[in-house]
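Those protein sequences? They're chains A and B, same order as listed.
According to our numbering, the stretch in the first sequence is residues 1 to 418, in order.
According to our numbering, the stretch in the second sequence is residues 1 to 418, in order.
Please note that the accuracy of each hint is not assured.
Stated by the list, open to error - In the DSSO-like style, the derived pairs of lysine-lysine whose C-alpha atoms are separated by at most 27 Å in a straight line are: (1) A:237 <-> B:46; (2) B:289 <-> A:235; (3) A:251 <-> A:225.
As the list claims (entries may be wrong) - Which stretches of chain B does chain A cover? Using the computed rule of at least three CB atoms under 8 Å from a CB of chain A, they are: (4) 22-33; (5) 351-364; (6) 394-401.
Quick caveat, the hints were computed from the structure, so don't treat them as lab data.
Positions of the beta carbon are idealized from the N, C-alpha and C atoms, including for glycine.
Each chain, letter by letter, is given below.
2 protein chains.
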Amino acid sequence: MTKRNCFIGQSGGPTSAINASLAGVISRCIETNEFDHVYGMLNGIKGLLEHKYIDLKEKFNAKESLENLKNTPAMYLGSCRYKLPTFDEDPQTYNALFKTLDDLHITDFYYIGGNDSMDTVAKLSAYAKTIDSPIRFIGIPKTIDNDLMGTDHTPGFGSAAKYVAASMLEIAYDSSIYKLNAVTIIEIMGRNAGWLTAASALARSANCDAPDLIYLPEVAFEKDKFLNDIREVFKTKRSVIIAVSEGIKDKNGEFLDSDSKYAKRDAFGHILHSGTGKVLESMVYQEFKCKVRSIELNVLQRCAMHIASKVDLDESFMIGESAVDASINGETGVMMTFNRVSNDPYQVICEPKDVSYIANLEQKIPVAWINEKHNHITKELYDYLLPLIQGEVSIQYQNGIPQYINIDHLKTDENTAD
Amino acid sequence: MTKRNCFIGQSGGPTSAINASLAGVISRCIETNEFDHVYGMLNGIKGLLEHKYIDLKEKFNAKESLENLKNTPAMYLGSCRYKLPTFDEDPQTYNALFKTLDDLHITDFYYIGGNDSMDTVAKLSAYAKTIDSPIRFIGIPKTIDNDLMGTDHTPGFGSAAKYVAASMLEIAYDSSIYKLNAVTIIEIMGRNAGWLTAASALARSANCDAPDLIYLPEVAFEKDKFLNDIREVFKTKRSVIIAVSEGIKDKNGEFLDSDSKYAKRDAFGHILHSGTGKVLESMVYQEFKCKVRSIELNVLQRCAMHIASKVDLDESFMIGESAVDASINGETGVMMTFNRVSNDPYQVICEPKDVSYIANLEQKIPVAWINEKHNHITKELYDYLLPLIQGEVSIQYQNGIPQYINIDHLKTDENTAD
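Construct the entire structure; sequences and hints are all you get.
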C-alpha cells in the first residue's frame, strides 16, 4: 500500500475548540497509520506559500500531548487573513501551491476555518479537478459565530455560548446589588448572525431571569420600541439586563455604530464593529437618566478555554477525526458537517457536504425563532442551543493558572523547510 | 447566659468572595449558639435605616446551603453606596440607627466592605463608646483592589487576581496567531493601587511570556518611555502584550483619561475611570501604525466566580468566622486582618486591628516591588501574589451554567420588618 503525506492548516479567527479539531485530525492520522508525515502549515495557506510548516506526527508522537492540545485555546498552527485569489486572477499562486504539495508528496489537505477558509477549500479542490490532481481537500468548520451553512452548528460555538451564558449570569448577579434603577447592556460578538447573542438566554434559570431583553441583527432595531421595551421591564424590576449583538442594524440596514470612530474593516473588507453598546448606553441614559453601564464582552468570548463546553470540545475533536475518514474514503471538495439526529437525547453525526454550496454564505437565525416582539428568543431556539453548552472541561492548572500547550513555534521565524 | 442578636451587612462593590465571608459569619454564629437571631440588613446600612432586613439563621438553617452561598458571586445581602455622615453633621441618623439596633436587641454588628465601609464601622463604634452602648462593631474587609491598610491582603483580591492572570494568559494565546506586529493593551481595574494589574504577571510560565510590560498607578506614566519600551520588545517579538491599570497618571498626577467623556464619579466623589486603554491604543497606533487592540476587562474581574481562587474563598470564609470570635471575645471598633506568618508553606492567621487606623487610607504597591524601568514587577511582588490565586473551586453546574444561590429577596421591596 502506498504511503501518503498530508497537510493540516488553521485559518480565520481563534476559538476555544479549533485545536480540538486539530487534535482530532492528528489523532486519526496516527491511528490509521495511513500517513508517513502529517505536516502542519504555520499561519495557514499564507505560511504554506512561504514553506513554513512543522511535522506534527513527530511532535505529537514525542513529548507533546494531544489531550493538552485539545484543551488549549486559540490556534496552535497560527492563522492568516489571506483571501486566496481565483485562478484567473493569479495562476502563479496556484502553480506554486501545487508544486509545494507535490514536492512533499501530499495526498490529503485539511483546512480548519470559517467561511473564508471554506472558500479556499472550494477553490483549491475545484482547481485540483481541472489539473487532474489526486489531492483531496477537506474543510473542517469552526467559528464562534455559528453562521456556516450546511451544518447543524459549528465547532467553537458551544464554548463561546457557554462563556456568554455564564458571563451573563455573573453580570446579572453583579448588577443586582444596588437598590436603584439601572440598565446593564452587554454587547456580544456577531456581525450578521445573532446566535452568540441568543445564547445569553441560556443564563436563565429558576434563580436568574436575565437577560430581560435580547436584540439580534436578524431583525431591524427600532429605537422607540427599544426604549418602550425597557420601560415595560422597569414596571416589575429595578435592574434591566440587555443582551445586544454588536451587529444590530436599523430598518435601513445601517449598523448603529456605522459612522462611529470604532468602525474598522478586516482583510476581507468586513466591517469590524465595536461601540454598539456605547451608542445604546447613551440612548438609554438620555431617556431614563438612570444608572447605565455597557459592557463589551471581549476576545475571551472566543478563547476562554477555562469555561469551555465539553460537548463542543468532544464534537470538535470528532469532526477532525471524521475529516480523515472522509478523505481516506475518497472525498474531496467537501466540508464536514454536524447532523443532529436527535435532540433528546442529544446526538450528532458527522457528514461531508459539497463545500461549494457552503462557502461564502451565512446561516442566520430563522425569524421564527425570534419572539414576536423581536426582543427575545423562542423556546425552540433555547432548546436548540441548550445541548451545545453542556459539560465542563477539566483543565490542568499549574501555579494557579491553566496549563496550556507551548506555542513558541509561532513566535519565531524558524521553519523546518528552510 | 443571656442570648443575643446580631446584624450582618455588606457594602461597597461586589467581589467573588464577599459571600464567602458572609457564610463564615453565619456559620460561626450558628455553631457557637450565641445568637437567637442572625439578621442580615438588605442593601447595607441604608437598608437598615429603612428597616429592611432578613433572618439569616432561619434561612440557612432551613433550605439554603451555606456552601452554595460561599460559592455565589456578588452580594447576597445587596449593597449601598452611602456615606454615613459624622454625628455632628447628622445626629438624627445615629439616633435612628441605634434605636433600631436596640429595639432588635442587637449586641454585635458585622460589616463586610471596603475602605468606605470601614469608615462606617469606625464612626459607629466611636459613637457607641460616647453613649456607653455595649454593641460591638466589627469590620470584615473585602475589595478586589487589595488596597486596605493593616492586612497582608484583602478577601476578594485573590479571585480577581486569578481571573486577571488567566484572562491575560488566554488573551496572550489569542494574540499570538497572526504573523504580524501587534500590540494588545489590557486595561485592568485599580484606581490608585496597581495590585490587580500587577497580578497579570502571574500569567507568566514556561509557556507564556505575557505580559511584556506592566504600567501601574504607583509610578508616573511617561509617554516617551512607554513607546520606547514597546520598541524594545518589538526587537525580539511580534506580539507585544501590555497590562495597564485604569488609574495610571502622568508626572503631574493627571489621569490619562481625566478629561475624556468616560470620566464619572461615584457617590463618594471618586473618579470612575474607563478609557485609559483607548487613550494608549491611539498613542501606540500613531507611533507604530501596527495592529493595536485595547481590551477593558469588565466587571467579570469582580464576579467571575467560575474561576475564583480556592485560597481566597477559604480565607474569606475564615475571616468571617474570626469576626464572630473577635466580638464574642469583646472586641469592637476593629477590622479583622490577615497576617501572613509564612510564605512557604503559605499560612495566614486572622487578627483584629483598630479600624480607626485603617479606614480612609490606601495601601499601594511599595515602589521597591516595581522594577527599575517602571514597566514590570519584581520577584518579591510575584512571590507575594502567587499563593493568593492557588486552588480551583468546584462550582455546581446545572444546564451548562453555574448554579448560584437564589437572590430574589434583592429584587423586591418586601422586608421582614414592615
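Results of checking the hints against the structure:
Distance restraint check for residue 237 of chain A and residue 46 of chain B: the Cα-Cα separation of roughly 20 Å lies within the 27 Å cut-off, and the hinted pair is therefore satisfied. For the proposed pair residue 289 of chain B and residue 235 of chain A, the alpha carbon gap of about 50 Å is over 27 Å, so the pair is violated. Annotation: proposed proximity of residue 251 of chain A to residue 225 of chain A holds, straight-line Cα distance about 12 Å (limit 27 Å). Taking a C-beta to C-beta cut-off of 8 Å, the stretch 22-33 of chain B contributes 0 residues in contact with chain A, too few for the three needed, and the coverage statement is violated.
By the rule of at least three residues with a Cβ nearer than 8 Å to a Cβ of chain A, the coverage given for the stretch 351-364 of chain B is violated, with 0 such residues. Only residues whose beta carbon comes within less than 8 Å of a beta carbon in chain A count, and the stretch 394-401 of chain B has 5; three or more means the coverage holds.
Going down the numbered hints, you'll see the structure goes against 2, 4 and 5, while the others check out.
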